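Chemist: Here is what each chain is made of, one letter per residue.
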Amino acid sequence: MHTLRDITVLVVDDAKSLREFVRRNLDARGYRVVTAVNGADALEQFHTHPIDLVILDLIMPQMDGIEVIRRLRAVSPVPIIVLSALGEESTKIQALNQGADDYLTKPFGVGELLARVQAVLRRAHQSPTQSEPTILRQGPIVLDRERHEVTVDGQPVELTPTEFSLLEYLMQNAGKVLPHRVILQHVWGPEYGREAEYLRVYIGRLRQKIEPDPNRPRYLRTVRGVGYAFEA
Amino acid sequence: MSLRLKPSIPHRDFNWRHDLGLRMLVLYVAFVLPVIGMALYFERVAAQRLRADVENADLSLARAIAEETNLSLGSFLGAAQALGEEPAILHADMKRMQALFSVLAHSRPEVNLVYRLNSQGMMLYHYSPTPIKHSTIGVNFSFRDYFKRAKTTRLPFFSHGRISPTTGQPVVTAVMPLWNANGEFIGILGINIRLEALSLALQRIAQSHRPDEHFLIFVTDDVGKVIATSETSSAANSPPPDLLTAVGDLSPDLGRVLYSGTGHTVLTSLHGQAMLFTVASLPSVHWHVLVGRSASSAFTTAENFRRAIHLALLVVVGTGVLFWLALMWQILRPLEEMAAYSRSIGEEGPHPGEKRLAIQRLGYRPDQVGHLARTLLRMEADIAARMQELHTLLETSTAVASTLDSATVLRRILEQVERLLGTHKCAIIAWDEERQAFVVRASLGLSEQYAQRLVIARDEFNSLTLRAIRTGQPLQISDTESDPTATAIRPRARAEGYRAVLAVPLPTQHTPPAALVVYYPEPHTFTRREIDLLTSFANHAAMAIENAALFARSDARLQEQTRRLEALIQSMGDALLLEDHQGRVLYANRRMAALADLNADEMTGVEVGRILRRILAHAPDPTAAQAAVSRAIEEGMAEITLQQHGRLASWLMHVFSVTDAQGIPIGRGQIWKDITESREVDRMKASLISIVSHELRTPLAAIKGYASTLLADDVEWDPESQREFLQTISDETDRLSALVSDLLDLSRIEGGSLKVEREPIDLAEIIAEAAQNAHPSPGKYLEVHLPNDLPTVYADGRQIGVVIRNLIENAVKYGGEGSPVRVSVAVESDAVVVRVEDEGPGIPAEHVPYIFESFYRVESGLTQQASGAGLGLAICRGFVEAHGGKIWVEPRAKGACLAFSLPLLRPSNEESSP
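Residue numbers (the working numbering), protein chains in the order written: chain A, 1 to 232; chain B, 1001 to 1914.
Worth double-checking, as some hints may not be accurate.
Computed Cβ-Cβ distance ranges for the label pairs, DEER-style [claimed, not checked]:
no. : chain 1 : residue 1 : chain 2 : residue 2 : range
1   : A       : Glu44     : B       : Val1784   : 26 to 36 Å
2   : B       : His1847   : A       : Leu114    : 26 to 36 Å
3   : B       : Glu1757   : A       : Gly204    : 57 to 67 Å
4   : B       : Ala1893   : A       : Ala196    : 48 to 58 Å
5   : B       : Thr1659   : A       : Gln208    : 50 to 60 Å
6   : A       : Thr48     : B       : Arg1614   : 34 to 44 Å
7   : A       : Leu114    : B       : Gly1573   : 55 to 65 Å
8   : A       : Ala40     : B       : Ala1893   : 21 to 31 Å
9   : B       : Leu1710   : A       : Pro50     : 29 to 39 Å
Calculated from the structure, these hints are not laboratory results.
Just so you know, these numbers come straight off a predicted model, no measurement behind them.
All C-beta atoms in this analysis are idealised placements derived from N, C-alpha and C, irrespective of residue type, glycine included.
Produce the complete structure using the sequences and hints provided.
Modeler: The following block contains the structure:
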């Protein structure tokens, strides 16, 4: 197990008050915190420190959060939590599409923040339990829990921790229809359940990565109004 | 000589039901057919009866002849039997036989030989009253049929007809077989009867019956040879058959009928002549009597009867045909000719003279057809006259109505009256509103003096013209010298030289009452026709006058209306275009011309495609714009983005089909509406919500965050931190409340309810305070330049403070981290000018005109919103303008410079400070 001090969180927000609020709270709970005041700063910090989690404000001068996510995702599967004053679903989906792992709408309390941070970190650092097989195999898709690696037809596929957890859960329950709520609680954490749009975005991204034809999915099947299933 | 075909019967384009001739023919045939049928039937029955009568008559004759012949022959057989019993003959006693034979021969002239054969057929003795050819005594005749037959019978019988070798004449022999007492055949006794003698007897018999008719009578023996004939060789018409000729040789029909027995008849040809023969048998000797006569004479009556019937039928049919032909030529054809002619009346072109000549010829007939033809010709002449009148009337009316100019109309009316009635003086007299009297409006042939002086007062009841107008009826004076009502005008009439007047009222409704007056130099009674003609013409003339008057009125109104409409359409803010079916511009307003970058007067007739291409040349995305135009044409409406005057403009293109009052399409209309502003408003509304949301949520997030931090019980915060958190909460609350007041300010500015509370303010103090608020550590980055003699400024301190703070914040934000911010104040003319400068990247030129607008976004996307609500500069402008000042961007080589001015107002009741 990691100790919290081993975990470095990059907090990016142009509003000092908010940045400080996040920093102080995480610091008080034992995380190592690095801050940045804008997008460019954030990228610089990310490359100078070993970052385990990014907490990112979307609305910033010069380079907005979406662009930052895009650039981070180009180089790393680091978990990203987005903070935004914009509560519209379109913005949320845009951020998730670019690769954000979670989304917090301002204003939020410290408890909510910490819960999300822990949930995201949990997904990122999940290690297989003894009783479960190390390798899941469904057709050409092979998921190695130990090495945290996924291959399709032997080709390695780059997945974010959340994507990995989601695929792992679906493959574990291959052939079963899993309701939205169950998937969310299991993959994201018990405090989730209503964020169906997360699933939509993540399933979409997984399809892009593992399906031979993402427009006509063969493995990740949508069961309309209910949830998703991994077709064995 | 050339042969000319007679003009054929005019083509009949009606069917048989409508053809009188054909119907008569059918009626006639219906009547005649039963008659013919009955006649033919009667003829057939009667002919049969007549033939039966003839046959019966012939049969009775044949029977009578047979009877008589039978009797006569019977006497010969009796004589033969009697002689055969004579012993002398039985014993062949020559002397006695001679005596007996001579008695017999001399008593019966028909007998020419009596003889006795012995039992071997040897001639024992013969006697002839006439010299014989050569004696046959001693000749054996046992080969003869009759000799052989005699051996089988004891009764006398007749032999076949044959030539006697003894006498050389044709004979039949009455044979008596001779038997002795022992029953031995001892020879025969023969009596030869001359056939010629028999024929003579037959002739006698034939002549005793029906001497008026010529009969051919044969008697044939039992083998069918003619042994007697009624004909003498002298008879010329039909040579008699030779005696002993077989009848079968004459005609096979005759041979056959012999064996059919009594009563049978046969019609056969004998020597090329048709003959009717009737048979009667002589059963005792198996002879037959054949009575024949020529078929023609036999059936004469029947033939005559048939001829009579045929003749009667022929007469009936012939009469019928003649009657039908007469009907055809005398009635139907003339009727058709007249019908065809009457149809052609009134058609274009003159009638062919030939046709007309034919009708005229028909007119010479004294009967009903002639009467009809004459009536037709009269009618035609009448119609022609009326047509001519109508034609003239139409021509004159057309001439009158061909102009809408009132003066020309009146002149033409008079010219046409002259033409219609052949008069040289005429006038139009109408009510004159100004002079309150009837005056001559136009005249022709009248002296100018007369026309000018003729003024008829409203109450001049004697005036013919006035009476005509009042009554609405045409009125005339046939002779002004004799008419008692004309005494008043007599002197004028004499002076002007007219004797007869006709006044016809013009039935006007929208123009003053008027009449058409015609003058004749001689006494003249206007005929009904003349009056009618002029009345009809007056109707047309009145219409033309009214049309001209109404046109003159409506034309002016229409022009006025068109001018207004044109002004309205041309002044429209929207671009308008009307195109025809060929896609060419029928009409376009100035705005459309400007949009297409063309002169307004060169738009008409231009291809609409070209106009659209010119407009779309301004589109930043020509493909999308072209698609939008296609959509507008298909769906009626689409939005198109164009680059105009350095910025993007949104246009709503509306396409609609244009129809006339009857709903018939005349083309297509386009309206281009500039919706840039309303789009801008929409966009601003949308961005307002997200900006306000962001701006409000950011301090709220801090407040909530720190409050929840303090509330969280898993971490014990030291008092310093707690205080710091509470301070942040307090600061953010201030920030929130400042933002709320910004929004309120802005809403007051935009709503026009902003109040300026003027008071003397200290600009230096306000600037210092604003700098403190805007920039937590002014220090070396903020320079403030104030003139020494800064006059007192009367202004709303809070508002000016907000303005300066916003400008400094703006400079800090956009100037970048290291850029210094310079604030300077100067007095320029009657205003104090405050400038805030930085050394940052400056404001891009394209944004300069808009940065003072509310929610204007210098940058796009999520980044802009970090720079504040975009309200700051808008609030600045609102506050500055509320003070009567101005705010602007000053060009700088490096960095940005925003400046505003405040007018130096001095309260009137207060002295300026020294």
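Chemist: Compare the structure with each hint and give your call.
Modeler: Hint by hint, here is what the structure shows:
1. Remark: the range hint 26 to 36 Å for Glu44 of chain A to Val1784 of chain B is upheld by a beta-carbon distance near 35 Å.
2. A hinted range of 26 to 36 Å is violated for the C-beta pair His1847 of chain B and Leu114 of chain A, which are about 43 Å apart.
3. Between Glu1757 of chain B and Gly204 of chain A the CB atoms are about 58 Å apart, so this pair conforms to the stated range of 57 to 67 Å.
4. Checked against the hint of 48 to 58 Å, the C-beta distance between Ala1893 of chain B and Ala196 of chain A comes to roughly 56 Å, which is consistent with it.
5. About 55 Å separates the C-beta atoms of Thr1659 of chain B and Gln208 of chain A, a value consistent with the hinted range of 50 to 60 Å.
6. The given range of 34 to 44 Å is broken by Thr48 of chain A and Arg1614 of chain B, whose C-beta atoms sit roughly 57 Å from each other.
7. Between Leu114 of chain A and Gly1573 of chain B the CB atoms are about 59 Å apart, so this pair conforms to the stated range of 55 to 65 Å.
8. Remark: the range hint 21 to 31 Å for Ala40 of chain A to Ala1893 of chain B is upheld by a beta-carbon distance near 27 Å.
9. For the pair Leu1710 of chain B and Pro50 of chain A, the beta carbons lie near 32 Å from each other, so the given range of 29 to 39 Å is met.
Violated hints, in rising order: 2 and 6; the structure is consistent with all others.
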